[in-house]
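Those protein sequence lines, which keep their order, are chains V and R.
For the first sequence, position 198 (counting from the first letter as 1) is numbered 432 according to this note's numbering, and the numbering increases by one without interruption.
For the second sequence, position 91 (counting from the first letter as 1) is numbered 759 according to this note's numbering, and the numbering increases by one without interruption.
Bear in mind the hints are in silico, worked out from the structure with no lab data behind them.
Check each hint, because a few of them may be wrong.
Quick list of simulated restraints, FRET-style, between CB atoms [to be verified]: (1) R:Val-720 to V:Lys-376: 24 to 34 Å; (2) R:Val-720 to V:Pro-429: 47 to 57 Å; (3) V:Lys-246 to R:Tyr-731: 31 to 41 Å; (4) V:Lys-288 to R:Arg-681: 16 to 26 Å; (5) R:Val-720 to V:Asp-275: 18 to 28 Å; (6) V:Phe-415 to R:Lys-785: 15 to 25 Å; (7) V:Phe-415 to R:Asn-822: 24 to 34 Å; (8) R:Arg-854 to V:Ser-374: 33 to 43 Å; (9) R:Lys-785 to V:Glu-433: 39 to 49 Å.
In silico EDC-like links for lysine to aspartate or glutamate, alpha-carbon gap of 20 Å or less [what the hints assert, rightly or not]: (10) R:Lys-785 to R:Asp-747; (11) R:Lys-812 to R:Glu-826; (12) V:Lys-355 to V:Glu-441; (13) R:Lys-726 to V:Asp-406; (14) V:Lys-296 to V:Glu-372; (15) R:Lys-805 to R:Glu-826; (16) V:Lys-355 to V:Asp-308; (17) V:Lys-290 to V:Asp-346; (18) R:Lys-805 to V:Asp-377; (19) V:Lys-409 to R:Glu-725; (20) V:Lys-444 to V:Glu-269; (21) V:Lys-296 to V:Asp-346; (22) V:Lys-247 to V:Glu-433; (23) R:Lys-729 to R:Glu-696; (24) V:Lys-288 to R:Asp-711; (25) R:Lys-779 to V:Asp-275; (26) R:Lys-733 to R:Asp-711; (27) R:Lys-670 to R:Asp-711; (28) R:Lys-733 to V:Asp-347; (29) R:Lys-812 to V:Glu-372; (30) V:Lys-236 to V:Glu-269; (31) V:Lys-246 to V:Glu-269; (32) R:Lys-679 to V:Asp-301; (33) R:Lys-850 to R:Glu-815; (34) R:Lys-812 to V:Asp-377; (35) R:Lys-779 to V:Asp-406; (36) V:Lys-236 to V:Asp-314; (37) V:Lys-309 to V:Asp-275; (38) R:Lys-785 to R:Asp-801; (39) R:Lys-679 to R:Glu-701; (40) R:Lys-785 to R:Glu-725.
All residues carry an ideal CB built from backbone N, CA and C; glycine is no exception.
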Amino acid sequence: MKTIVINASPRKKWNTAEIMQSAQKGAESVGAETEYFNLYDLVFKGCRSCLACKLKEKTKGKCYWRDDLTPVIDKILDADCLLIGSPIYFGQPTSEFRALIERLIFCIMSYDDGSSYFTGKVNVGIFYTMNAPLEFYEQSMKDSLATTEYLFSFLNGQITTYPVCDTIQVSDYSKFNMAGFSQEAKEKQWILQFPNDLEKAFEIGAELSK
Amino acid sequence: MKAIVINAGPKRRDYNARLAKSALDGAESVGAEVEYVDLYRYDLHGCMICTVCKNEEKVGKCYWKDDLSPLIERILNCDCLLISVPIFFTEPASHFRALVERLIYCIVSYKTGNSFKGRINVGLFYTLNYSADYFEKSVRPHLKSSENLFEMFNGDVEIRSFRTITKRESSHDSGDLKDRKKEFDRDSSSVFEIAANLCS
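Pulled out of the complex, with its shape left as it was, chain V reads as follows (with noise of 0.2 Å):
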C-alpha cells in the first residue's frame, strides 16, 4: 500500500498540516509507506491546455505538462491513498488545491466520451479547514463542494470528506485587526474540537490505506 499525503495550505505548520501528519500517521499504523508533500513548496502552474494528453499518439493518462507537480501526479497515480487537504478561502479550497485537481484529473479524462482512462484504483481522503461552524459548513458550502468529489471519482476509489470547523488562525489575535473573532472561543474549540479532527484524520488515513 501506498499512500501519498498533500498540505495543500500555504503553512506548513498550522491546522492543515496537523491534520495531514495524523492522517499520515494513520496510514502508517496499518503499514502504508507514505509521502509528504507541501504544494506550496512546489513551483507548478495549473493545466495549461496544452492538450498532450488527449493526442492519440500518446500513452493515456499522463500529464504531459513538465514542472514540479508532474511527477507528485505520477506518484498519486500509481498510489493506493491519497490523502488532501485544503484551508477554505471564501469558500473555497486555495487556488493550489484547485491548479492540481486541474492538472490532475484532466489528464485522465476522455475527451472521447467523458469516462476516466484510469485503470486503478486510488481511494482519496478530503480534509477541508476552515475558519466558518460546522452548520454553515453543512448548509452552505457541502453542495459546491461535492464538484470536487466528482472529480476525485475518476480515480475509481472510495473518497470519504471531513471537515475541520472553526479553526483557531492565528496563536495571538490581539496583535491583528481580527475584532471579528474571540480568542477565547476560538481556544476553546482548539482544545475541545480539534483533538478530535486530529483523532478522525487518523482514523480516515487509517481506513483508506487498508
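Please build the complex by placing chain R on the supplied structure of chain V, with the hints as guidance.
Using the frame of chain V, we list chain R on its own:
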C-alpha cells in the same frame, strides 16, 4: 478612466484571449487608458496567509513580494477591471482563483468588513467548452459566493458566459462553422459593449 484587462486563461491567442482583446477594444473605444495582462505569464502564489494585511493600519494592500502585488495595487487604483477566464470542469482557472484570493483578502477588514472605499466596475467573462445553458443553470449557481466578492469594489458588476469555438471547429468550412463564426462576432461585440459601458 483607467481600465485593466486580464486574460486569465493559460493561452495567449485562444478564444478566451480573443474575448479579452474585445474587452480591451471596448474600453479603448470610450477613451479609457488600458493595461492588458496575460495572467499566466506571472509566476504567482495564491494568498499565503502571511496576514500582514490584517495588522493595524495595513489593510488594503497585499504585502507578499512577487509579481502579483504590484498588479493588485494597480487594480485597486483603477476604475474598471475586465477579466476573461476559462472554466475548467466547473470552476474558473486556478490562476484566476489565486488572483481573487490575494486581491480580495487584502481588502477584507476583520474589524469593519470591507475596507475598500473606492469604486471599480467589474466585467467578468467566463468561457467554456460546453453548453452555456447548462453552465448557467447547473454550474454557475455554485460560483455565486465567489462572484459576490466583486461587490466589495462598490461598482457595477457584469458577468456573462460564452461557449468557446475551438481551432478545429474554425478550420472546417461547414455551415455549422459559419454559425459559430457568427457566434464569435456576437460574443465579441457583446464583450466590447459591456467593456465600453463599464468604462463610460
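Now for the hints, and whether the structure bears them out:
Against the hinted window of 24 to 34 Å, the Cβ-Cβ separation of R:Val-720 and V:Lys-376 comes to about 32 Å, which satisfies the hint. One distance hint, 47 to 57 Å for the beta-carbon pair R:Val-720 and V:Pro-429, is violated here, with the actual separation near 30 Å. Taken as a hint, the range 31 to 41 Å is violated for the pair V:Lys-246 and R:Tyr-731, whose Cβ atoms sit roughly 19 Å apart. Taken as a hint, the range 16 to 26 Å holds for the pair V:Lys-288 and R:Arg-681, whose Cβ atoms sit roughly 19 Å apart.
A C-beta distance of roughly 21 Å is found between R:Val-720 and V:Asp-275, which places it inside the suggested range of 18 to 28 Å. With their beta carbons about 24 Å apart, V:Phe-415 and R:Lys-785 fall inside the hinted range of 15 to 25 Å. The beta-carbon spacing between V:Phe-415 and R:Asn-822, approximately 25 Å, falls within the hinted interval of 24 to 34 Å. Range check, R:Arg-854 to V:Ser-374: Cβ separation about 36 Å, and the 33 to 43 Å hint holds.
About 46 Å separates the C-beta atoms of R:Lys-785 and V:Glu-433, a value consistent with the hinted range of 39 to 49 Å. Note on R:Lys-785 and R:Asp-747: the hinted pairing holds, with a Cα-Cα distance of about 12 Å set against a maximum of 20 Å. Annotation: proposed proximity of R:Lys-812 to R:Glu-826 holds, straight-line Cα distance about 13 Å (limit 20 Å). Proposed proximity of V:Lys-355 and V:Glu-441 is supported: the alpha carbons are some 15 Å apart, at most 20 Å.
In summary, the hint linking R:Lys-726 to V:Asp-406 is supported, as the alpha carbons are separated by about 17 Å, within the 20 Å threshold. Distance check on the hinted pair: V:Lys-296 and V:Glu-372 sit about 35 Å apart at the alpha-carbon level, beyond 20 Å; violated. Using a Cα cut-off of 20 Å, the hinted pair R:Lys-805 and R:Glu-826 holds, with the two alpha carbons roughly 17 Å apart. Under the criterion of a C-alpha separation no larger than 20 Å, the hint pairing V:Lys-355 with V:Asp-308 is consistent with the structure, at around 14 Å.
In summary, the hint linking V:Lys-290 to V:Asp-346 is supported, as the alpha carbons are separated by about 11 Å, within the 20 Å threshold. Simply put, R:Lys-805 and V:Asp-377 have alpha-carbon atoms about 15 Å apart, close enough for the 20 Å limit, and the pair holds. For the given pair, V:Lys-409 sits about 12 Å from R:Glu-725 by alpha-carbon distance, which is consistent with the 20 Å threshold. At roughly 16 Å between alpha-carbon atoms, V:Lys-444 and V:Glu-269 fall within 20 Å of each other, so this suggested pair holds.
For the proposed pair V:Lys-296 and V:Asp-346, the alpha carbon gap of about 16 Å is at most 20 Å, so the pair holds. About 18 Å separates the Cα atoms of V:Lys-247 and V:Glu-433, which keeps this hinted pair within 20 Å; it holds. With a C-alpha separation of about 27 Å, the suggested pairing of R:Lys-729 with R:Glu-696 is violated against the 20 Å cut-off. The straight-line distance between the Cα atoms of V:Lys-288 and R:Asp-711 is roughly 26 Å, outside the 20 Å bound, and the hint therefore fails.
The straight-line distance between the Cα atoms of R:Lys-779 and V:Asp-275 is roughly 32 Å, outside the 20 Å bound, and the hint therefore fails. Restraint check for R:Lys-733 and R:Asp-711: satisfied, since their Cα atoms lie roughly 12 Å apart, inside the 20 Å limit. Taking the CA atoms of R:Lys-670 and R:Asp-711, the gap is about 25 Å. The hint is violated against a cut of 20 Å. Between the alpha carbons of R:Lys-733 and V:Asp-347 the distance comes to roughly 44 Å, so the proposed pair goes past 20 Å and is violated.
For the hint linking R:Lys-812 to V:Glu-372, the alpha-carbon distance of about 17 Å falls within 20 Å, and the restraint holds. For the proposed pair V:Lys-236 and V:Glu-269, the alpha carbon gap of about 8 Å is at most 20 Å, so the pair holds. For the hint pairing V:Lys-246 with V:Glu-269, the CA-to-CA distance comes to about 15 Å; that is within 20 Å, so the pair holds. For the given pair, R:Lys-679 sits about 17 Å from V:Asp-301 by alpha-carbon distance, which is consistent with the 20 Å threshold.
About 29 Å separates the Cα atoms of R:Lys-850 and R:Glu-815, which puts this hinted pair outside 20 Å; it is violated. Proposed proximity of R:Lys-812 and V:Asp-377 is supported: the alpha carbons are some 13 Å apart, at most 20 Å. Only pairs whose Cα atoms come within 20 Å are accepted, and R:Lys-779 paired with V:Asp-406 is accepted, the gap being roughly 16 Å. For the hint pairing V:Lys-236 with V:Asp-314, the CA-to-CA distance comes to about 5 Å; that is within 20 Å, so the pair holds.
Taken as a hint, the V:Lys-309 and V:Asp-275 pair is honoured in the structure, with Cα atoms around 17 Å apart against an allowance of 20 Å. Distance hint between R:Lys-785 and R:Asp-801 is unfulfilled; the C-alpha atoms sit about 36 Å from each other, more than 20 Å. The hinted pair formed by R:Lys-679 and R:Glu-701 fails the criterion: a straight-line CA distance of about 24 Å is larger than 20 Å. Taken as a hint, the R:Lys-785 and R:Glu-725 pair is honoured in the structure, with Cα atoms around 14 Å apart against an allowance of 20 Å.
Hints 2, 3, 14, 23, 24, 25, 27, 28, 33, 38 and 39, counting from the list given before, are not met by this structure.
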